[in-house]
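Read off the chains here:
Protein chains: 2
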Amino acid sequence: MTGIACCQIDPQIGDLDGNAERISAAIIDARSAGADIIVLPELVTSGYMLSDEAEARSVALTRDDPRFTRWAEAAGDSLVVLGFCELGEDGVLYNSAAVLDEGGVSAVYRKTHLWDREKLIFTPGRDLPPVLQSRHGAVAVMLCYDLEFAELTRLAVVGGADLIVAPVNWPLFPRPEGEHPGEVITAMSTARTNRVAVAVCDRAGVERGQRWTEGTAIVAADGWVVAEAGPGEAVAAADLDLLSSRDKNITEYVHVLDDRRLDLY
Amino acid sequence: MTGIACCQIDPQIGDLDGNAERISAAIIDARSAGADIIVLPELVTSGYMLSDEAEARSVALTRDDPRFTRWAEAAGDSLVVLGFCELGEDGVLYNSAAVLDEGGVSAVYRKTHLWDREKLIFTPGRDLPPVLQSRHGAVAVMLCYDLEFAELTRLAVVGGADLIVAPVNWPLFPRPEGEHPGEVITAMSTARTNRVAVAVCDRAGVERGQRWTEGTAIVAADGWVVAEAGPGEAVAAADLDLLSSRDKNITEYVHVLDDRRLDLY
Numbered sequence: 001m002t003g004i005a006c007c008q009i010d011p012q013i014g015d016l017d018g019n020a021e022r023i024s025a026a027i028i029d030a031r032s033a034g035a036d037i038i039v040l041p042e043l044v045t046s047g048y049m050l051s052d053e054a055e056a057r058s059v060a061l062t063r064d065d066p067r068f069t070r071w072a073e074a075a076g077d078s079l080v081v082l083g084f085c086e087l088g089e090d091g092v093l094y095n096s097a098a099v100l101d102e103g104g105v106s107a108v109y110r111k112t113h114l115w116d117r118e119k120l121i122f123t124p125g126r127d128l129p130p131v132l133q134s135r136h137g138a139v140a141v142m143l144c145y146d147l148e149f150a151e152l153t154r155l156a157v158v159g160g161a162d163l164i165v166a167p168v169n170w171p172l173f174p175r176p177e178g179e180h181p182g183e184v185i186t187a188m189s190t191a192r193t194n195r196v197a198v199a200v201c202d203r204a205g206v207e208r209g210q211r212w213t214e215g216t217a218i219v220a221a222d223g224w225v226v227a228e229a230g231p232g233e234a235v236a237a238a239d240l241d242l243l244s245s246r247d248k249n250i251t252e253y254v255h256v257l258d259d260r261r262l263d264l265y
Numbered sequence: 001m002t003g004i005a006c007c008q009i010d011p012q013i014g015d016l017d018g019n020a021e022r023i024s025a026a027i028i029d030a031r032s033a034g035a036d037i038i039v040l041p042e043l044v045t046s047g048y049m050l051s052d053e054a055e056a057r058s059v060a061l062t063r064d065d066p067r068f069t070r071w072a073e074a075a076g077d078s079l080v081v082l083g084f085c086e087l088g089e090d091g092v093l094y095n096s097a098a099v100l101d102e103g104g105v106s107a108v109y110r111k112t113h114l115w116d117r118e119k120l121i122f123t124p125g126r127d128l129p130p131v132l133q134s135r136h137g138a139v140a141v142m143l144c145y146d147l148e149f150a151e152l153t154r155l156a157v158v159g160g161a162d163l164i165v166a167p168v169n170w171p172l173f174p175r176p177e178g179e180h181p182g183e184v185i186t187a188m189s190t191a192r193t194n195r196v197a198v199a200v201c202d203r204a205g206v207e208r209g210q211r212w213t214e215g216t217a218i219v220a221a222d223g224w225v226v227a228e229a230g231p232g233e234a235v236a237a238a239d240l241d242l243l244s245s246r247d248k249n250i251t252e253y254v255h256v257l258d259d260r261r262l263d264l265y
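Residue numbers (the UniProt record's numbering), protein chains in the order written: chain A, 1 to 265; chain B, 1 to 265.
Please keep in mind that the hints were generated in silico from the structure rather than gathered at the bench. Do not take every clue at face value.
Chain copies aren't distinguished; within one or between two, either way the pair holds.
[Claimed, not checked] Taking lysine to aspartate or glutamate pairs in the EDC-like style, the calculated list, with each CA pair at most 16 Å apart, reads:
hint	residue 1	residue 2
1	Lys119	Asp52
2	Lys248	Glu179
3	Lys119	Glu252
4	Lys119	Asp10
5	Lys248	Asp116
6	Lys248	Asp15
7	Lys119	Asp258
8	Lys119	Asp29
9	Lys248	Glu102
What you are looking at is a predicted structure, and each value in this text was computed from that prediction instead of being measured.
Make a model of the complete structure from these sequences and hints.
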C-alpha cells in the first residue's frame, strides 16, 4: 500500500520565505504521518493571484534554487510534488510542478493548459506530463486545468501511470448543494474510465478576493473519492494499492484501454 | 428551449409486440407532455439479456421494419431515439440506435464500443456516431458504453453537437451512498469539459436476474444534472436552451475547445 497525502495549505501571495516554511512544515507533518507521496498546491511557493508578469517574475524560482534542496531533505524517502512559479533557463516564466525525492529535483513539468489570465503571465509547457517510475509505482504529474483534458489523462495512463497527481488552485464556482465540485467530478470520471488513481491538492484561504474550492481529493481507481480535505487548511490522506489498477479489466470481456476504437479516433 | 424526455421503461425480453406497444405509449405520452426530443433505452425493442446470437437473431429488426413507421407516426414533429437489435443488410447483428422523425428512420447508428458479452453477439459499428442537424440543434447519437470514451464524445462536440443523446442499459454496480452512478459522473464530466448537454435513457426492471442502475439523467452543458428518472418506470424531462452551449468560453480567456493542445495529442 502507498500512503498519499495532499496538503491543502494557505500560501501567502509574494511571501517566498514564509511559504517555504509552510511547505517544509507540511512535508514534515505528512512524513510523520507515514505518507509516501506528498502533494502540495499549484504555485504554492508564490501564491496564485499574481497581477502581472513583473510581479510573477519577482517571485519566480529557478529549478536549482536552494529551497528545493531543503524541501527534498525534508521529504526523505517520500516523493513530493509541488507547484511553483518557474523562471526558465530561457528567461520566460512557467507555471510548473517540481518532483522532489532524496536526490533533489528529479523532474519539472511545465503546465501545458494554461487557465484564464495565466495566459497573460506564463508560457505554456512544450512537453507532455512525465510519467515517473518510483518505488510506489508510476506517477504522472499534471497541473490543475490539465486534468480537464481527457486526451492528456488518457495519454498518461497509456504511458503506464498508476497514479495521476496534480497540484491545483481551483477558483470557487457555484454548485448545487450536495454535489462534489465539478473538477472533482472530472477527476472521478478520469479515474473510473481509465482505472487510475487520482490525487489533487487544492489550496485554502482567500487571496486578493479570490475564494478557492478547497476541493482537495484522493480518488481510487474505481472512481470513488476515498479522502477529501474539506474546508480550510487540512490534509487529505489515504492508503492505496496503486499497482492493482494495472488490471484494466472490469469484467472478463471489458478492458478500458483495449476497448478503445483506435481505428476511429 | 427544447423539451427533452428520457423514458425509462421496462421492456420484456423477447416480447417484440408488447415492447412495440410500450414504445408507442411512451412516445405518445412524452409528446403529450411537450417533448421535442424523446429518448428510449438501448435494445428497447428486444430486451437486453439475450443469451446468444441465435436468440438475438430471432428478435432482430431490419431498419425498414414497419414498426419504425408506426413509431415515427407517433413521434409527429418530435425526434425519437431508441435502441434496437438490428439485422444488417450484411446479415450480421448490430446493437443500434434508430433516429425517427416524421419521415421515418432518418439515421441508424451502430454501437462502436460493445460492452462485455455483447461482443459475443453483435458486430461493432464501423462508423462514428452521427451528428444530426435538427430544428432543435445538432444532436449526436451514441449508445451506453460509448459514453465512457472521451475520445468519442469530444469528436461529437468538435463535430458540432449541441446535445449528446444515448440509449443505455446500465447494469447495476455498487456505489457509495449519496453518489450519482459512476456512468452519470462521466456524463457530467463530459458535459462540463465540452460544454455540451447530455441525455441518457436507462431502463427499468429486472431481466433474467440482472438489475439495472435506473440512472436515466439529463445533464445541462454546465455539468449539473437537471432531471433524473429515479427508480422504476419513470420519465426524466427538462427544457434546455441547447444553442447556448455553442459558446465554449467559460471566462474571457478560457475556451474548452480552443484550449486543447492539438500539437501534443
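How the hints compare with the structure:
For a Cα distance limit of 16 Å, the shortest separation of Lys119 from Asp52 inside one copy, 10 Å, qualifies, whereas the shortest one across copies, 55 Å, does not. Taking CA atoms no more than 16 Å apart as the test, Lys248 paired with Glu179 passes in neither setting, with 28 Å inside one copy and 23 Å between copies. Only between protomers do Lys119 and Glu252 lie at most 16 Å apart by alpha-carbon distance; the minimum there is 11 Å, versus 46 Å within a single protomer. Taking the shortest Cα distances, Lys119 and Asp10 never come within 16 Å of each other, neither inside one copy (23 Å) nor across copies (51 Å).
For a Cα distance limit of 16 Å, the shortest separation of Lys248 from Asp116 across copies, 13 Å, qualifies, whereas the shortest one inside one copy, 35 Å, does not. Taking the shortest Cα distances, Lys248 and Asp15 never come within 16 Å of each other, neither inside one copy (44 Å) nor across copies (36 Å). Only between protomers do Lys119 and Asp258 lie at most 16 Å apart by alpha-carbon distance; the minimum there is 13 Å, versus 36 Å within a single protomer. When the C-alpha separation of Lys119 and Asp29 is checked against a cutoff of 16 Å, the pair qualifies neither within a copy, at 34 Å, nor between copies, at 51 Å.
In the homo-oligomer, the alpha carbons of Lys248 and Glu102 never lie at most 16 Å apart, since the shortest distance is 32 Å inside one protomer and 44 Å across protomers.
Hint check: violations occur at hints 2, 4, 6, 8 and 9; the rest are consistent with the structure.
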